[in-house]
Amino acid sequence: MKNTIKQVFHSPKFVGGFVIFVAILLTMIIYPLFNPGNPLQQVSVGTFARPGTYVSLYDATKATSNTLRLPDADEKRVAASLSAEDRVAMVEYFTTMGIDISELDTEDTDALLQMWDDNYDPSVRPKGMTSAKVNYYKRLNTSLQDLKSGDTLVIAEEVDGELVESKKITTTDYVRTGAVANVKTLPLGTDNFGRDVLKELVSATGTSILIGLIAGVVATLIGLTFGLLAGYVGGFLDDFIMFITNIFTVIPGFVLLILITYSIGQEQRGAAVVATVIGLTGWTWTARSVRSQVISLRNRDHVNLSKLSGHSLIRIILTDILPYIASYVVMAFILQVSSGILAEAQLSMLGLGPQTTKVPTLGLMMNWAMLYSAHTNGSWWAYFPVILVITLISFSLNLMNTGLDQVFNPTLRD
Amino acid sequence: MNEPARVQKDFSNAPLCLSGKGVTKIFGFGDKKTVAVDHVDFEFHEGEFVSIVGESGSGKTTLSKMLLGLSNATEGEIFFQGKPRDIGSGHKKKEYWKGIQAIFQDPFSSFNTFQKIDTVLLDCINMRGGKGLSKEEKFNMMSEACHFVNLEFKELTNKYPFELSGGQMQRLMIARIFLLKPKILLADEPTSMVDACSRATILDMLLNLRDEIGMTVIFITHDIGLAYYISDTVYIMEHGKFVEYGKADEVILNPHAPYTKRLISDVPKIHEEWDLSTVDLKAE
Ligand SMILES: Nc1ncnc2c1ncn2[C@@H]1O[C@H](COP(=O)(O)OP(=O)(O)OP(=O)(O)O)[C@@H](O)[C@H]1O
Ligand SMILES: [Mg+2]
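For the record, the sequence lines run as chains A and B. Take the first sequence: its letters are residues 1 to 414, numbered as in our numbering. Take the second sequence: its letters are residues 1001 to 1284, numbered as in our numbering.
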């Protein structure tokens, strides 16, 4: 026994999978300690805030500032406020004016502005240009000049219905982030409800793994019991159990799953219920393979000896059969956990997952991202990390399984 | 092989213990059909030492599994103490197994590899009503049983079966019998991996148990010389059939079936000189 465990931990595949899985588990436990609170709380108004660090504008104006003179500050500011459309419009202007732009790099803000200053003439109206376009260029020019001049902003407070100047902000005023009372980092932004995606993801991973575990335990227990009884007792019981197993096999598991979860209804569908239903529909192949293994074991002489020693059926099954298939059952369990997590994800994407208001699950997060078209509006942070976590979990579990398989079935060793 | 080594008793009037009529076992069907045991009749008596002799694949193990009630006969009936044997229910099977024990042919597969060998011997003591005995008493009983088959229990305790040699396992199985003292013993080549010296003690033990408690021994072997030496009655099995049976000396000193004659002629004769003149040394 000790030896087997030692061997298992010498299998690089098992250890690889194990390390990934434990890392995921540890994150689930440790992260909430640093970022406590309800994972379903809405932190942003409006959907899909981009990932990044958010600094309170209000607190920033109140914080004491320092003056920093940074050589590239102006350039950066202009570059940031010059949109892609503006750049295209400027190039368009140059071409209508017949200026050679072969040397120009539109991403080089400095060069672009230089060329603009050299060539823009508000008094000239190029041939064929609409007046709307002409006005647009005028406005663009004004805002460009403003940006460069770096006007001072004035913060005014309302006192007795009148605006009173309270602070002036110049382009060289800087506030240390540490001095700002409210800074919030949202490493994965927010989702369609304005929830912190990372926090939600950590919580959802926990729920999904729990769902996988419950489903795995249910499926393995049923499959194991049925397989042991059918295989060992045989006869009528075997026929009966195999009949039920065949019924469950003929109806595709996922269809059955959809039907059952649909009939349960949204209100009753907690995470535990969904997990149990997944387990109830997924035990057939465990039962089948346990049965065939037991059939090959039941005529072995050590079982015969146990019978002759007057041992009871239960004792024979527990001590003479179960230990021989234990490694196999562990592997089946790991696969059941992995497929349970995937089944939850699939169900939730169809809108048949656990109740949406209580806990997040990986499947629900995918469902929400899809419903609010995160994939079409470029909010990758709302679904990509979820896919990554699902993939990682199922990869690590399958890797562990392959490792175990190689230890227990020496013929598979490479 | 001039004189029988021991006195052989006549059991034809002793009470019946196990008997069978037309017992048949067929494995598989269609092209893969194997008739392992083919309509055999037999009568084993209480206290009788019976040998079943036959070549590999002749159906000896298959027959013994049926006698033990571990597999069902395809055809025919087995009688227990003269009456049709009824082991239909689990309860009746358990009752039947209380009086019958076996030493299986392959000692390597006879043990549960997940249990220490102590469990096997302790089970025997418990079965014989020794559950309440003190640890020390149990230890002494196990030591005695092991001593009998030339093993040191102290060296074996807390070991797992795979830490033992084949011969050690086989002897441990025989130690079980010593503790259990069953009414019927089916021994399937019980000494195939044991050295000659231990073998003699073990066979003596079986004979003693037979004399002491009237144990019926059904001894399966392919060694007809050994069968002649120890048994009262011999059944010769060929391709699932009993081709000849009777008192050991009658069958072996005066064989009728050609198969028996062949079996006897194949026994190497230590005391005879090898006749090299019949061997053509130049042959390729
Ligand atoms: N479970 C089984 N399924 C199919 N065929 C079997 C089975 N067990 C035994 N047989 C066949 O039955 C025949 C008799 O086998 P058995 O084991 O009784 O021989 P045996 O006399 O004990 O031989 P050995 O001296 O080698 O142990 C063989 O041809 C064997 O192939
Ligand atoms: Mg055999």
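Since the hints were derived computationally from the structure, they do not count as laboratory data. Please read all numbers here as calculations on a predicted model, not as lab measurements. Careful: at least some of the hints might be erroneous.
DSS-like mimics (lysine-lysine), calculated; alpha carbons at most 30 Å apart, straight line [as the list claims (entries may be wrong)]:
(1) A:Lys2 with B:Lys1183
(2) B:Lys1135 with A:Lys6
(3) B:Lys1183 with B:Lys1116
(4) A:Lys6 with B:Lys1116
Pairwise hint evaluation, Lys1116 of chain B against Lys6 of chain A, where the allowed Cα distance is 30 Å at most: 20 Å, holds
- request: Sort out whether Lys1183 of chain B lies within 30 Å of Lys2 of chain A, counting only the CA atoms.
  value: 41 Å, violated
- prompt: Lys1183 of chain B and Lys1116 of chain B: Cα distance at most 30 Å?
  reply: Roughly 27 Å between the alpha carbons, so the hint for Lys1183 of chain B and Lys1116 of chain B holds.
task: Quickly compare the C-alpha distance for Lys1135 of chain B and Lys6 of chain A to 30 Å and report which way the hint goes.
output: The hint is violated at about 33 Å.
Hint compliance for this structure: hints 1, 2 are broken, all remaining hints hold.
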